[in-house]
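Colleague: Chains as they are written, first to last, in this note's numbering: chain A, 1 to 76; chain B, 1 to 384.
No wet-lab data here; the hints were simulated from the structure. Errors might be hidden in some of the hints.
Calculated from the model, a selection of chain B residues having no Cβ within reach of chain A, i.e. all distances over 10 Å [said to hold, decoys possible]:
1. GLU13
2. HIS34
3. GLY94
4. TYR97
5. ALA109
6. GLY192
7. VAL194
8. GLU225
9. SER306
10. ALA308
11. PRO321
12. PRO341
13. ARG346
Among the chain A residues that face chain B by a calculated CB cut under 7 Å, a handful are [claimed, not checked]:
14. VAL25
15. GLN26
16. TRP27
17. PRO40
18. THR48
19. ALA49
20. PRO52
21. ALA59
22. GLN63
23. VAL65
24. SER69
None of the values given here were measured: they were computed from a predicted structure. We put the CB at the ideal spot given by N, CA and C, even for glycine.
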Amino acid sequence: MRPVDCRACGVRVLVEKRSLPHTSVQWPTGAAAACAEFAPRVAAGRATALIPHCAALRASIEQAVRDGSLEVPADV
Amino acid sequence: MNHRVIEAAPPPERFARGWHCLGLADTYKDGKPHAVEAFGTKLVVFQGEGGGLSVLNGYCPHMGGDLTQGTVKGDAIACPFHDWRWGGDGKCAGIPYAKRVPRGARTLAWPTLERNQQLYVWNDPEGNPPPEGVTIPEIAGAGSPEWSNWTWNTMRVDGSHCREIVDNVVDMAHFFYIHYALPTYFKNVFEGHVATQYYEGVSRDDAYLGFVPGTENQKIAQRSEAAYHGPSYMIDYLWNEAEGTTVETVLINCHYPIGRNAFMLQWGVIVKKFPGMDDATADAMAAQVAEGVGLGFMQDVEIWKSKAPIDNPLLCDQDGPVYQLRRWYEQFYVDAAEVAPEMTDRFEFEIDTARAVQVWEQEVAANVEAGISYSMIPKSMRAG
Ligand code: FES
Ligand SMILES: [Fe+2]
Numbered sequence: 001m002r003p004v005d006c007r008a009c010g011v012r013v014l015v016e017k018r019s020l021p022h023t024s025v026q027w028p029t030g031a032a033a034a035c036a037e038f039a040p041r042v043a044a045g046r047a048t049a050l051i052p053h054c055a056a057l058r059a060s061i062e063q064a065v066r067d068g069s070l071e072v073p074a075d076v
Numbered sequence: 001m002n003h004r005v006i007e008a009a010p011p012p013e014r015f016a017r018g019w020h021c022l023g024l025a026d027t028y029k030d031g032k033p034h035a036v037e038a039f040g041t042k043l044v045v046f047q048g049e050g051g052g053l054s055v056l057n058g059y060c061p062h063m064g065g066d067l068t069q070g071t072v073k074g075d076a077i078a079c080p081f082h083d084w085r086w087g088g089d090g091k092c093a094g095i096p097y098a099k100r101v102p103r104g105a106r107t108l109a110w111p112t113l114e115r116n117q118q119l120y121v122w123n124d125p126e127g128n129p130p131p132e133g134v135t136i137p138e139i140a141g142a143g144s145p146e147w148s149n150w151t152w153n154t155m156r157v158d159g160s161h162c163r164e165i166v167d168n169v170v171d172m173a174h175f176f177y178i179h180y181a182l183p184t185y186f187k188n189v190f191e192g193h194v195a196t197q198y199y200e201g202v203s204r205d206d207a208y209l210g211f212v213p214g215t216e217n218q219k220i221a222q223r224s225e226a227a228y229h230g231p232s233y234m235i236d237y238l239w240n241e242a243e244g245t246t247v248e249t250v251l252i253n254c255h256y257p258i259g260r261n262a263f264m265l266q267w268g269v270i271v272k273k274f275p276g277m278d279d280a281t282a283d284a285m286a287a288q289v290a291e292g293v294g295l296g297f298m299q300d301v302e303i304w305k306s307k308a309p310i311d312n313p314l315l316c317d318q319d320g321p322v323y324q325l326r327r328w329y330e331q332f333y334v335d336a337a338e339v340a341p342e343m344t345d346r347f348e349f350e351i352d353t354a355r356a357v358q359v360w361e362q363e364v365a366a367n368v369e370a371g372i373s374y375s376m377i378p379k380s381m382r383a384g
């Protein structure tokens, strides 16, 4: 897994992509509670596990793929 | 030659910490004590005259009388052996023939929650109350006039630990091979005490699922957001769309452990009424969905009956995150103080389904070509 920083809030997560559609994201302890996108839903009492992803983080991961800092194995 | 050896530790000694559903609350509201075999013991569930449901250890601390054979008297359950009375809080509420109740006379009372028209009990091997924020969420459709009534079914599963059913959360491929579904999108998120599965799929031309009333060969697009809230209670919001009509369903998939190697599987369904639909039709529609779900569970049980427990599954890239799910599940089997951050830290996993979908579509086409058609629902049970 490779570190990727969220360009919105700066949180550093570990990401693995075995192919373009595949994504595995490990958040560090406490980071999800600090995510700006999640905050309003957390405040509304909703479990963050019910939020599929943070859009800003997803965009950051896609950017990391584009600029080559996150390598994706060639599809074979 | 190296070969893979299946490893399996014996099932855990303890029962998971968390809320467990005991079924629809109304089933316990007939003024009688009810026996529930759970958590390696027997519980007594009763409604006192105050209206609330209580859950106590089924055996009387006096001389071991079976409280489930007793009588509800006032707000207490009276033991059939010597008529000692036990309140819902576990305190001895009286001994008619005694001058006084022994100091501190108390039996084990299980914290309860009545919500969504269902009854939940809190199990904690350490005996602590549920922490702040660990609860069962409200389901808006439950009890709403715009939705059907709950169906409720149970199935006792012997010879398997309940972790087998929890594995389903990440098991994309089994939906094709066991449940005749065709997943096209599959993602999991684990965080805190919640584990979610996001699922999209389509019906198969070689199978009839029966989730939407209608003809056998119509195309159904399925979307589901299913989450375990703790170790045993899953709320699954489902949207099945066919020919421009969407059926909205809430499916409860839950269980409680009976013993170390047996559990009670339970499922309940509500469907949202179509405009102008009457109660009976809505309930029949829910029953039809429940029937299909039940057949699906029977397919799982068929597998569990003969499969080996396995702690070290050998996975391919198109499998879901089994190890991370089990790491999440482990939190319910250790002391609260031992819950490690990695068990609850947020983890996301989105499967690349492209290859699987391609292969499955080919297999379905070949089946159609060969005239093979699977039906989850026997013809006799189908509505309309
Ligand atoms: S055993 Fe229950 S009252 Fe004696
Ligand atoms: Fe299954």
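Colleague: Let me make sure I understand: some of the numbered hints might not hold for this structure. Which ones are they, in numerical order?
Modeller: 6, 7, 8, 11, 12, 13, 17, 21, 22, 23 and 24
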